[in-house]
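Colleague: Listed below are the residues making up each chain.
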Amino acid sequence: MRAYYAVTTRPPSSTPDDDLALLARLRGGDAQAFATLVDRHHGPMVRLAQVFVRDRAAAEDAVQETWIGVIAGLPRFEPRARLKTWIYGILVNQARSRARRDGRDVPFSALVEADGDVAAAVDAARFKAGGHWASPPADWVQDTPESLLATRGAAEVIGAAIDALPPAQRAVLTLRDLEGATSEEVCNILEISEINQRVLLHRARTRVRAALEQFLQKK
Amino acid sequence: MLSCRELTEIVTDYAEGRMSFWRRLEVQFHLGMCHPCRAYLRQMRLAAQTVGQLPPEPMPPDIKAELLKRFAALSAADAAPPTSAPPETQTNRTPKS
Ligand SMILES: [Zn+2]
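Quick mapping for you: the protein sequence lines, in order, are chains E and U.
Here numbering that gives the first Met the number 0 is used: the first residue of the first sequence is 0, the next is one more, and so on.
Here numbering that gives the first Met the number 0 is used: the first residue of the second sequence is 0, the next is one more, and so on.
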């Protein structure tokens, strides 16, 4: 199988300095830096692994195996790719080989193809014949992430909306919005085209927004 | 003229800057005149940003402790001069414990 991190076309000079600094600390045996890194990525990593494997326990195993691989690979890692891209590339490999062992291997490209989400972004009934809003979105009182997350139940609604996404959308949203990866990084990690990445991101964000809208209306 | 319905299908292309110059102008023109679509775009952005600020889920302490042990062991072993490891190849991608 092709090495995911080798896909990147970034020249080494574009590797951010904080990546290099972190790498130096990790190679220097800085346990605190390692612990912080592990905690920061744990949530998104488990979510991404779950796209491939059968349950959360298997996903957590894949994440653990990934970190074991990261520890082993650190001395040889060449910072021509982002550290994050490298780690997530290992995770995808680990999750897929775990899935294979469990007899449920699905290549990501198949998940992308299976993403038959042709639903309109917004229900057609909310528009007039000419395509203008009949039932326009209400302004949200909570219009910052902080105020939204301070609303009781909002975080759970978002979490449930992410969990309910079709797998390919879930993978892209997890990497882009939960992990904060760039579209280029997501394309490298998942080996998908920029257009596929964008279509999946659009569908995923559309669904999360719709879930929030429904939640805020009921309040 | 771009309709509101069409706009809801292309907001992500707009947010991602993946749009021709003229299409972009069309979207901006529409947004300038249409309050509901401005609200819609704001909500899409807000949804994405809020996902990014969900409370973190730290790794269970027992698993983390075990990884830290491995990390410390490797760092100790690494203090010795490095052997001439071959350049990174795909065999590195599926390390086994
Ligand atoms: Zn409009």
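Just so you know, the hints here were simulated from the structure itself, not pulled from any lab data.
Glycine residues also receive a C-beta, built at the ideal position from the N, C-alpha and C atoms.
Careful, some of the hints might be misleading.
Under the rule of at most 20 Å between Cα atoms (straight-line distance), these lysine to aspartate or glutamate pairs were calculated in the EDC-like manner [claimed, not checked]: (1) U:Lys63 to E:Asp114; (2) E:Lys127 to U:Glu56; (3) U:Lys68 to E:Glu59; (4) U:Lys68 to E:Asp38.
What follows is a list of derived Cβ distance ranges for each label pair [claimed, not checked]: (5) U:Gln27 to E:Ser134: 18 to 28 Å; (6) E:Ala137 to U:Ala71: 22 to 32 Å; (7) E:Ala71 to U:His34: 16 to 26 Å; (8) U:Pro60 to E:Gly28: 16 to 26 Å; (9) U:Arg22 to E:Gly152: 12 to 22 Å; (10) E:Lys218 to U:Ala71: 19 to 29 Å; (11) E:Ala137 to U:Glu65: 23 to 33 Å; (12) U:Leu73 to E:Leu19: 14 to 24 Å; (13) U:Pro59 to E:Arg24: 32 to 42 Å.
Which residues of chain U face chain E? A partial, calculated answer using Cβ under 10 Å [stated by the list, open to error]: (14) Arg23; (15) Val26; (16) Phe28; (17) Leu30; (18) Gly31; (19) Leu45; (20) Pro54.
Colleague: Check each numbered hint from earlier against the structure, then list the numbers of those it violates in ascending order.
Modeller: 1, 2, 6, 7, 9, 10, 11, 13, 14, 15, 16, 17 and 18
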